[in-house]
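A.B. asks: So the sequence lines, in the order shown, correspond to chains A and B.
Quick note, the working numbering runs 910 ahead of the 1-based positions in the first sequence.
Quick note, the working numbering runs 7 ahead of the 1-based positions in the second sequence.
Derived from the structure by calculation, the hints contain no laboratory data.
Please note: incorrect hints may appear among the correct ones.
Claimed, not checked - Chain B regions said to be covered by chain A (calculated; three or more residues, Cβ under 8 Å):
hint, segment
1, 17-30
2, 43-56
3, 524-531
Every residue, glycine too, gets a C-beta built ideally from N, C-alpha and C.
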Amino acid sequence: MFVARHIKTEHKDLIHDVAYDFYGTRMATCSSDQTVRIWEVDHATGNWSCTACWKAHSGSVWKVTWANPEFGQVLATCSFDRTAAVWEEVVGEGNIGDKVSATHWVKRTTLVDSRTSVTDVKFAPKYLGLVLAACSADGFVRIYEAPDVMNLTQWSLQYEVSAKFSCSCIAWNPTYPRHFAPIIAVGSDDTSPDTPKVLVYEFNENLRRWNKIDSLQDVTEPVNDLSFAPNLGRSYHLLGIAGKDLKVVSLEPQGMEEDSQGATRYIVRTVAKCSEHNSTVWRVAWNITGTILASSGDDGVVRLWKGNYIGNWKLVSILRGDGTQLAMTEAGASASPFGSSPVVSSIATTSSSTATTTASRFMKFAAASGVKQDVVWH
Amino acid sequence: MKAEYKSKVFRPLVTLAPRSLAAVLSNSTPSGGELTTWSRQFFVDAPFVRNFVVAGAEVFATVQKEYKAHYPDPVPPKIVTSLSRMYRTFLLELCQNLKATGDLTSADLYSNLDFVWNFCEIMFLSSHPDFPVLPYLVDWIHLNFDLTSEILPKVVAEGSELEEETTLELWNLIYSHVFHGTTREAARLLSYLGGESASSTTQRHVALMEELLSKRPEFRPEDAASSLTEFEALFTAWQEECVNRLENGAFSGSPNFTLVCKCEKLHPQRVAYQFQCIFDAESNANGFDLRGPRDLPVTVGGKYGLFVMSHINSNILCGDDEAFASAVARGLITWYEYMVLLLNYKYPTIRPAQLKAYAVRTLQQLDLVDKLEARDAILLHAMDLDVVSVLREITAVWDNPWVALHLSDLIFACGRSSISTSAQKQRRGDDASFDFACVVPLRNDFLLEYGTTLMEHETLWQMGLCYLDALPDGKGRPVIRTCFQHRNPFSEQEAQKLVQIAERYGFGDEIKGICRQICLSKLKRGGSSQAQNALLWAIKAGDEALTTRIVDKILFEGDAQIDVALLDALLANVLDASLAFLHEFSIFRRAVSEGRGRDGVVSLCSMIKRGVIPKRLAIKILSKNESIFDDGSNFEGDDVTTLMEYVQRTLVTQRGDDYNSEEERQVTDLNRKLIKIRAYRIMCEFRRKATGAEEEEEDSNTEFVYGEADDY
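Excised from the complex, chain B in its bound form:
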């Protein structure tokens, strides 16, 4: 038969579940085949990463608040930048923790991410398209390449008598600060060379140099009063002063320079000439006209660069072209630093969108175009303002959902699409292309992926809500609902937590599902001992059929002693007419449990008169709450008659002989008690009539002892 044949054909199988996948891919009869499972390990479970993820979520929540507060306007770049820095703080903290524990591979990963994030922050968040990007790049380079903390302590320790090696290190540090554009820091360091022990010439040179370095104008984008035109004028003037001093030989013949430059191979002027050639060559090769008045600062800046370079003595920069290239290749100076050096002293006013051209020329000059690392490629994409490629590459290279998500979210919050008008594009040039239309779907995709990943985590799942909530147009709601459904309420505590959150989202069906699941599990696995607990969950589920069923089970199969608090809960939730009995019963039970016998009797009689007591429960209700029959004074009027008739009609006549011996005894006891009460009531009535109205007042304080009724 066909089906029989099919049963002999192996078919590869696959099934998916949250966090895992299972497949049977090989037929190895007779053992039936091997099942392979792949389970996903959360990156958040790595050491230190958990705190990092939690901290990131807190910043993320702040970003969302800011977004909502400013909507429909974008969040101002200043705020977004400060939030971005908070993210980076956590990245750096994580790096330090990982380094401290010796996990250098992970530390490197996060160092790279921080480096790239910082640059993306400049390009996409903090810098203004119409203002120079250099101040941000100076910070970026300084943050990542500053060696002051390593060298300065040694210098300070040696005091005014610096050793030769320390002096060289100090000079290198000064030069690096000059390269990086942190000239005030360089000036401060120069003071260590111009102490009292230094010659007067050196002191003079140091003082002159300090003055020059300290005077270097800086453009402060955050300063509203700072004018770009003014900055350009100041910078030009400063460079002219530098050139004048150089040409006047202000620093010639300095013994300290001679000392420091003892390994100098080339005359400073020759070095200057070489750098002049380098700069001019690359400028001309790239079509920059240095002769125009607009480029005057550029030319002068280049000369100042030469001035600084001429005093650099090490093999790194004083050597010939080969030594220079060799230094770069050995990693002693990076292309990032070199690019910023160029900008610092030749092109200080370029805009973010122009940066790519200078970066490419730097790479060409250093012969690195074909040796780009993934990190470099990302930076170049960022210079292109190509946010999609940046995010794609970060995801592809480092596979770190945290960075791609939070970075895209910041870019989204910053709403840089609003500045991407065609006029501005035109002003920047054709190379500036913002593709922010893609940021929204990308951010959504990252949110969905990261949020659902977190929602699957055993302990951090609630953080996923924050991310999925951030999806626009309520798109996160069905995802949260689905993830919610797949949360296992493995304990009552967990179920409570789930219900609480489901209530927040108004997930009525899910609340019902969770409560039903716990309820059924208690009923099916816990037996009758768990019935009251199950009832509680059934009430929470709002499942009236199930509630009725459990109440029935408790009342009929159990001892009819429902907890008063549970009954209150029932009272608050009973909506269905079929549960009217429970409503009445809860009042009755409460009165009995609180010792209010009279109220109990009234309630019981009310239930009897309304005919709401299920017949099969009647005997249990009466016998299990018989304390109300112990005091005849609880009964008034026709209460006893009502009860006796009910017992006779329901428990004796209608059920006939359908009793076990225990129930028979209960009915007999009940009848006996009711007769006793009746007798007591008759006695009371008789005495009242016998004593007359006047004595009645006196006798009102006379207490009849209920036990006396036994005498009748």
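Only chain A is shown next, with the shape it has when bound in the complex:
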């Protein structure tokens, strides 16, 4: 069962990003009104309230992202004003933020290396330390590091990778590095047909550099968002790609094989191509176990996808802006580990429909009908 709540954001212009913190108890939104807002949930009522709001940049704020809480309450933002910034929540210090709150958000640093709009920022998985990747419209991916987590004013530019196309989005592979090197995927919204749309880089620890490992030839349309699925034991990585439609691409490393540049060889395969949005897809997001993929598109709904137990990706639910949810039994799919093979859906539909139309003959029990089919995301 799900409870939908609507929140008036009070942003004065378009919202460009919304991000949950690590535990899902706080949210940050950013907007063209150049501000960032922090929202906090009241555990007793489930209601969200704005606990801080401040002008973060001198241009539209494109993205906002949370660092792992191990590093404190830290946010990064990026903007059309060509900068990225790092913010930290502190107690009784500074004067930015909501006066009502006991805490304040303080700008710790401004990263000014880009000559054009900084289009995305993402913190690296925590095992890499407090590391931030930023990409910009000038085609660069920049990786910064704060060597001292107690002093977030010091950030050094560690790597600068030229993607040679206008970058629109960036994603870290969150997989714990037991067997895998750090991976970054960069997407481009460049409309010219000849340029690659997604580049995947892998960090080579020995050479201390980022090597390009693939350019995902299957993706030919501008890319709006990327997200790696958390990998909880798979031998391959899954990358969700939002573009003209939704794609899920698997990248399977080939053991210890390396090319002349020292990069691991990968087998890249498109495992799902979903066109149900019937329009441009803007965002993709995974649940923490990497079993549910959410996408939002110009059709104005959120669609939830799930890989069934034999690896087929199926649409399992649609969430509408009015808070309603449409489980996929109505649409011919089953919201369960079973997915929706044609046979399954026909049987499920039959049973459900009969259940609703037939009066119970069973003295002891009521008719087995009217049960909701909620989709579980974790």
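Following the hints, position chain B against chain A.
C.D. replies: Quick look at chain B alone, frame taken from chain A:
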């Protein structure tokens, strides 16, 4: 500019978090748009369900123990069945609790689940593919349709003089027991009709009937000595006896039957004929040859069924076909009962895999094929031994993760795939298809879903570990790790609990992360007052850089008074050479805090000689632990010289004028105390030399008062 243009284009957004999802799906400038969140409500938070979930987890843990104990063999069906019954006990308890509180909708849900679970237990866990399924079905029907507890108290209360209505109810109860196959119970109930007040004929009839019903052979699958062949022979003989007695008119002319059958519309023989027609028609229509010797018991069984039926008087069963159908349609007898009735008296030896054919014929006969409910469809899938469809339908219809998971887990533990050899399939016929290869991935999927759901719960999250641990090949470990990372250590207590469990799993990075998080939060939010606490967490984190930094902070910015217990912890954890100072310092601090002045001086001098004391901490260490300077006897040999040289070199010469007034005073005090001690030591030396060796022994008991040194 392109980017400027982009900033004017609305883009629907979505983000996910544990238990919730947030999206901006509409552009409602100038208010900036509406944010919609969907938060998932746990089914375990419903009333009574929490205890139910906890109890289920305990049984689940037992199942896993049994699985491990028997591995690589499957858990014996007897054990699995008893565990399954434990699960059902909790289901029934939950139903009763829900009913008691008036939540009938939820009670119905769990009643349905129990009913279906019970049947699946028969098909997948308890019954043997080579033995009759009937004994299990009798229990199933009896458990779900027995009305004895409702009617019998009334009968007992009325004693030997039963009212007409009660008598009818009693007869109905007897008939239902006969239908359900619980004939001994029916025989016991008959005694209420054959009391002293009954006529001798009735008493004779009752006695005869009691004898017949009590003698009905029962096949006991759990009885190793029970032979199927023997059972078939006994059953045949018993049915022949029934037929003989019926044909001999043993029950004819009974006034009690006449009384009870006052609303009878049809002559018993006609009723018998009708049932004969029904049975024969359905048997022939389905290609069963009743003439062969193999089917002899079947035929006779049918006749016994007629014998019983002929005495049933109510409109339900004595009427014509329409009345019969009407009775069924009104829910007065269900197809489940009717199917078991057929099996009881016509086909008592059918195997589980053959059940589907009889169920389908029952449904056809009752014209219910097109009116199946979801529950019926699940039962039919179970009769097909189609475990995947059963689990799918349970999930789809009731969306109850608890049942699908635990049932699939039991089937997995039972390892029925081992009996699914091709030879056995052949013996059962083509309709028996076990698809157990799917049970493993399905169970894994359920475990993953249920386990992660529990792991997200605020208070029951530790139960999720048990489920994720049950994933094979260590697949649960990365999931637990991820879920762990998303547990918010919102308090020190919670953090302690998390660390404890992380230690159990050897999640070093997570322990470090949790401890660092608490440590940083204390440092950043708690200020210097929380520094020692933060140090404790830094030590736990095993983060030497952070530990050094906090120690430095405490020593340099604070008052250099680290708690001795903390220092012990440091001592136990210090591995890095850069923390050698802490090692020495902890020994020094312990000696000082325990009043062992001499040991303190030795330790201090050792640190000075090894040059491990950070220069900026020197003055604090000396001035904050000055109690050791209060007793000159703590110093021996060149201790004073070492200290004076150190003070002169480190605190005076090297730092020059870089002191505030307080520090200047401290250095002066220190120098004064050291001079005093030196004077004391010189005096002691002087006296010793002056008195000579012989007197020295006498004077050994003479105490020099340290204060005397002030005179020098």
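A.B. asks: Against each hint, give a clear statement of whether it holds in the structure.
C.D. replies: Tested hints:
A count of 14 residues in the segment 17-30 of chain B with a Cβ less than 8 Å from any Cβ of chain A is obtained; the coverage claim is therefore met, three being the minimum. A stretch counts as covered by a chain when three or more of its residues have a beta carbon under 8 Å from one of that chain; for the segment 43-56 of chain B and chain A the count is 7, and the coverage holds. By the rule of at least three residues with a Cβ nearer than 8 Å to a Cβ of chain A, the coverage given for the segment 524-531 of chain B holds, with 5 such residues.
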